[in-house]
Structures are given as structure tokens and as C-alpha cells.
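Engineer: One letter stands for each residue in the lines below.
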Amino acid sequence: MEARSAPPPALALHDVSKRYGRRWALARLSYSLPQGRSLLLTGHNGSGKTTLLRLVATALSPTHGRVEVRGNDCVTQRDVVRREVALLSHASFLYEDLTAHQNLVVLARLLGMDAPADVAGELLVKVGLTKRSDSPVRQFSAGMRKRLAIARLLMKAPAVALLDEPFGELDPAGIEAMEKIIRELKDSGVTVVLATHLIEQGMALCEERLHLQEGRAVAA
Amino acid sequence: MSDLLKTVLQVGSAVAALASVGLGVWLGVKWAPPRSRVNARPVLLGMAALALALLVLGNWMGLVWTPSEREMGDVYRIIYVHVPAMWMAMLALVVNFACCVGYLLKTSWKTDALAEATAEVGLLFGTYGLVLGAIWGKPTWGTYWDWDPRLTAMAIMLVTYVAYMALRRFVEDPEKRAVWSSVVGIISFVNLPIVWFSVKWWRSLHQVQSTPKTVDPDMTLALRVNAWASLILLTLFLLHRYRTALATREAEVALPEALPTDVPGPNRASEVA
Amino acid sequence: MRGARPISLLKTVGVLLAKDLLIEWRTRARLNALIFFALATLLLFSFAVGPDTKVLARNAGGYLWLALLFASVLALGESFRVEQENLTLDGLRLAPADARAIFLSKAMGNALLLMLLGALLIPVMVALYGVTVTMGLGSFAATVTLGCMAISAPGTVYSAIASNARARDVLLPLLLFPLIIPALLAAAKATSLVLQGDPMNQLGSWYGLLIGFNLIYWGLGFLLFPRVIED
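Protein chains in written order, with my numbering: chain A, 1 to 220; chain B, 1 to 273; chain C, 1 to 231.
Calculated directly from the structure, the hints in this document are not laboratory data.
Cβ atoms here follow ideal geometry from the backbone N, Cα and C, with glycine treated the same way.
Be careful, since some hints might not be right.
Residues of chain A clear of chain B, computed beta-carbon distances all greater than 12 Å [stated by the list, open to error]:
1) G21
2) W24
3) R37
4) S61
5) T63
6) R78
7) E96
8) M144
9) L170
10) P172
11) E179
12) E184
13) I199
14) E207
Covered stretches of chain B, going by a simulated chain C footprint (3 or more residues, C-beta under 8 Å) [stated by the list, open to error]:
15) 37-51
16) 177-188
Work out the full structure, taking the sequences as your base and the hints as a guide.
Structural biologist: This is the structure in C-alpha cells:
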């Protein structure tokens, strides 16, 4: 047992398995990420990176085992965990028929913010979408969706940011901007869990690395 | 038939049926799980023989021994098979409801497997009973289908549970299938009394269905013997369906093998040994 | 960020309902198509039955509710299809929004949509089938409200289930139709009574059935819906 004063790990996996139908996406994974460190998830497509992030985000429940975020169980203390984590996923969580601004306002209202419209406006400035703030998301390019999705993540001001392929579908300038945002998150004390194929960029941003292969942790 | 013999029949058939249910539950725990080593054959054969004997006896009583009904003549004799079938269908669906609630309270593949078994066997008995009811309707009402509230409600019930079975087939993921079908099972069961009352009102506002109550005590006895025989049959069917469902489920949800590189946890000692 | 704090269940319902109505408004072409579908159904009944206005007038209540029921299957399916694009339902769950609030907002939104449809179909029905409205508009409004709510509560639960299953377009009506029979019966009967008059005071008992149906299924949906959408 660790010293009592030590904070709980930012992320802890205890013998975690997840099954979809008959396929095991994660198999008996155990891992612990200390607070103040950031984690790079690598592995081929289908190795279980997305599943792991969705488990931590409480979008899924593990079939076996336990996932904990800062000492809170992702199943039994789901609501606590949900307020602490934010997920940037392949699916953008954006309503195609609403405008960029409306999408952010809905989330701001759900989060109980005082001035939803102002918060949304500020974030649109931050991600550089002010010109298109009143266009429906359906007309957005993939890169613009990504930027709007990251605005959504920033609005939650999470303690743990889960980023699934944040650099995907971005041009070089976009990648650079994304790196800057991730650095800022880290500097403000946010634990970043990053899944990406761009290992170089990832290694520069994260101190720890977990390589997955067919749902199991292996040496990279 | 003497009174003593009647009492023996009453008590004997009831004891036999209830004992079979007890044996069925015991087998469900001991024999149904995959890889169980309990030899169930003698008990199963015994139950089957008992069911057969009671069925033969009950049908003889129903067809030969009991008197004709005053108004319907011999036509009424179909109740000896129709009524027990309906009772068993209801019973199976009550168990199904209990399983659905149970699964949502405490996740277990056993309750899920039993829910699947009860829904299917309940559908089987229900369809059988419904067809018999329609056959009875032809000489009684002159048509196979008279929108009699009982039969109508039963038909709606069957469609409801066909939908339940369809849902089970259409969802691949075992956990999701179990949760969703439990939700649908609960809603479907709660709907049964509502359907019954609404159909009754719907019909009664048009015409009043009269069911003559001229029941001879001998008829009750014959009906009971048949019902107890059906109960043993129901237990047998459920047991078999439950066993296959449980085996399917366990195959679906088997844990991945631990790799040599994994650190064996304290709770995995049994698998290592 | 500034001022973020948990909000009450009721407020969540308000936010989500406003969002759903906004989406419905912004995609009103889809809404229009639904309205014309329901109108076309109503029209088709006259062809299927024949031009005998007496028969049409007598069965008008039943046709109205069948048209509404068919349209409701499309509307219910659509209400979760919207949430499947980009997995926005996950976005709501993780926001976090209470799953029960999601149920209430979806069920209320669907009920409102059906009521709107009902309000549009009734004048058309009156014109098309040559019916006369014997009782007041108040009873008509009550019937439509109760009936639409009765369809939308179980419909929302089943639509959430069916939207994630295979063959969802077949599964939703298969699950919903047998369940909805008591409500359909009561609503159609009540509508007929409203149209043709209620000499034997039967309207109350059909309303009773509808109210009971609503209480049971809104309650069950509220309790069970979190299990449906949470993994």
C-alpha cells in the first residue's frame, strides 16, 4: 500500500476487459497513471485505444474489472467522473443541424453556466471559428468540426482530457494549433490522455506511454 | 369412481407435479450449468414418464369419464387441453417478468437465460392454447374468431412476446440484449392487464358474452389432473430451453484467456490451478 | 470554466426540449414531409374504404389515430436518428445530462409533435370524411393530448432501443404496435364519442384508461430509460 498522503492516480485500470458482441476489444488490462503525468496511447487501428478512452470517459462500462479516475470508480461514481473528464472522440458529439454557436450554447446550458452565449462566443474566438459561428455544422469541413469539438472539450474545463486522434483530419497549421492547445491544457494542470498515430508529436507531449496490441498492453 | 380414488387422484397428481417443479429447480441449479457433471437422465426420464402418465389419465378422464356439458355437449371437452395450456402460458410469462425485474436488479446470466426460456415456452403454450380456443369457437360461435375479449387479449399478448423474442434475435451484444429485453419484458407484462381491461370494455359496450357456469365437480378434477400434467411438461420444456440458453450465453461471454505475461491476480488462482 | 454547476432535472429537461424543438424548427422540411405523410394516409383510407361517406364518418376516429400512429413511428425513429449522427446522445450523457431528463425531453418533444400533427389532421378529417363535431373543442383537445402522450412515452423507450438494434425500422413498430393497442382503442373510441356525441356517458371511462396508461408508461419510462441508454 502506498503512503497515505499520496494522491490517488489520475487514471487506474484494474484488470479491465471490454467485449463488443463476441469480440474482446480490451483484455485484462492493468495500468496506473500518476497524477501530474500525461499518457500517450499508441497501437494499430483496432488495438483498443478508442475503447479504453470511452471506458475512462464513462461512455462505456467495462465488462470485467474496474476503471478509476482520480480515485473515483467509472461505474459506481459515474456522475462524479463525468464532471471531471472530457472526451474528444472520432464522433464529434455535434448536432449537424445546429450552428456552431448553438451547439456550444446547449452544452453551456447543460453545464449550468451563467452566460451561455458569452462563453460560447469566447470559445469560438479561441478556436478561430468566429466567422462561421452562425453556419450549421453540416456545412463544416472535417478540420472545422475538430476545432469546434475541441471548443466543446475546453468548455467543460476538465481535470482529465481524453483526446482520441486529435491530429486526425487536420492540416499542418491545424496540428500545430492543436499541439499548442494541448500544451496549454497541460500547463494548467490538466491530465492529458492522448491516443494518436503521430508518435513523434505524442512523445513530445506525454511523459508516459502505453502501447496496445489486440486489447493488451505490450512493450512498444 | 369412488370418493377415495378421487382424493388420491387430487392429491397424488398435485404432489407429483409440485415435486417435479422442485426437481426441475434443483436440476436447473445443479445440472443446467455447462460442464456440470450431474447425471440428470433418470430424473428427466422420471418426470417425462410422470407427465405422460398424468396426460393419458387426464385425457381419458376428459374424453370418457366426465359427463357431457348441458348446453355445449361434447364440444366443451376441449377445455381440458385449452385451459391448462393458457394457464401454463400465463405462468411462464409471470416467471419471465420476475426474471426481467431480477436481471435489472442484479445482473446474472442465469436470469437472462431463464427469461429467454420462459418467453419461448410461454409463447409455445400460448399459441397452442389460442389455436385450440379458435377451434372451439367454430362450433360454438360459428366462426373461428369472434373477438372474444379473452382470446383477443391473448392474441395481443402473443404478438407482444413475439416482438420480445424478435428483439432478442436482433441485438448481438449479450449485455445490451439482456438489459433491453428486460426493459421490454417488464413493459410488456405490465401491459397485459391494461390490454385485458381495454379489450373487455371495448367488447362489453357492444354485447355481453355469456359463459354458462354449469360445472360438474368431476370436470374440475379432470381439469386439475390435466393442469398438473401440463405443469410437469412446462417444467421439462423450461429446463431444456434454460440449459441451452445458459450454455449459449456462457459461450458468448467467456473471458479471454490470461496471457503468460499477465500478472495473475489473487482472484484468478482457480484458473491457474 | 466560470459558473459551471450542476443544474436540476427539470432545468435539464427544459434545455434539452428547447434543443430538440430548435433542431425540429431548423429541419422543418422533414417536419413538412411528415405532415404530408400523415395527410396522405388519411386520404388513402378513403380510397381503401370507398367513397361511402357514412362509413368514413363512422370510422373517422379510428382512421385519425391510425394515421397518427403511422406518422408517430416515423417521428419516433427520427428523434433518435438525430442523436445517432456524431453520437450526440453520448455527448449528452457525458455532458453530463441525467438520462431521465433525456427521456422526459424526448417523450415531451414527440408528444408535442404528434399533437401538432393531430391539430392539423382534424380539420382535414372533418372536411374529407364529412364528420360533424358534436362535442366541444375542449374534449377534442383533451383526447388528442392524452392519446399523443400515450403513444410517445413507450414509443420513446422503444425507439431508443430499436435505434441501436439491427432491423430497427421493423423492430420499432413490431414492439410498439401491440403495446399501444389499449391506448389506440381508448383514443379512437373517445374520438368517435367526441364526434358523434356521448349519450351513455362513456367518455369518462375511456379518458380514465388513457390517463392510467399515461401514468404507468411515463413512470416506467422514467425509471427504466437510464438502463436503456447507459452501457
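Engineer: All the hints need checking, so say for each whether the structure fits it.
Structural biologist: For each hint, the structure was consulted:
With a closest Cβ-Cβ approach of about 4 Å to chain B, A:G21 is found to fall inside the 12 Å limit, against its non-interface label. Listed as outside the interface, A:W24 is inconsistent with that label: its C-beta sits roughly 5 Å from the nearest C-beta of chain B, within the 12 Å cut-off. Against the 12 Å criterion, A:R37 stays outside the reach of chain B, whose nearest CB is about 21 Å from its own CB. For A:S61, the non-interface assignment is contradicted: its Cβ lies about 8 Å from the closest Cβ of chain B, within the 12 Å cut-off.
Remark: the non-interface label on A:T63 conflicts with the geometry, its nearest Cβ contact in chain B lying 7 Å away (cut-off 12 Å). Look at A:R78: its CB is around 16 Å from the nearest CB on chain B, clear of 12 Å, so calling it non-interface holds up. The beta carbon of A:E96 sits about 26 Å from the closest Cβ of chain B, which is more than 12 Å, so the claim that it is off the interface holds. The beta carbon of A:M144 sits about 34 Å from the closest Cβ of chain B, which is more than 12 Å, so the claim that it is off the interface holds.
Every Cβ of chain B is farther than 12 Å from the Cβ of A:L170; the closest lies at roughly 33 Å, confirming the non-interface assignment. Every CB of chain B is more than 12 Å from the CB of A:P172 (nearest about 39 Å), matching its label as outside the interface. No Cβ of chain B approaches the Cβ of A:E179 within 12 Å, the least distance being about 34 Å, so the stated non-interface status holds. Here A:E184 stays apart from chain B, with its beta-carbon at least about 37 Å from theirs, past the 12 Å limit.
For A:I199, the shortest C-beta to C-beta distance to chain B comes to about 22 Å, beyond the 12 Å cut-off, and the non-interface label holds. For A:E207, the requirement that its beta carbon stay farther than 12 Å from each beta carbon of chain B is met, with the minimum near 23 Å. Look at the stretch 37-51 of chain B against chain C: 0 of its residues bring a Cβ nearer than 8 Å to a Cβ of that chain, fewer than three, so the hint is violated. Look at the stretch 177-188 of chain B against chain C: 8 of its residues bring a Cβ nearer than 8 Å to a Cβ of that chain, three or more, so the hint holds.
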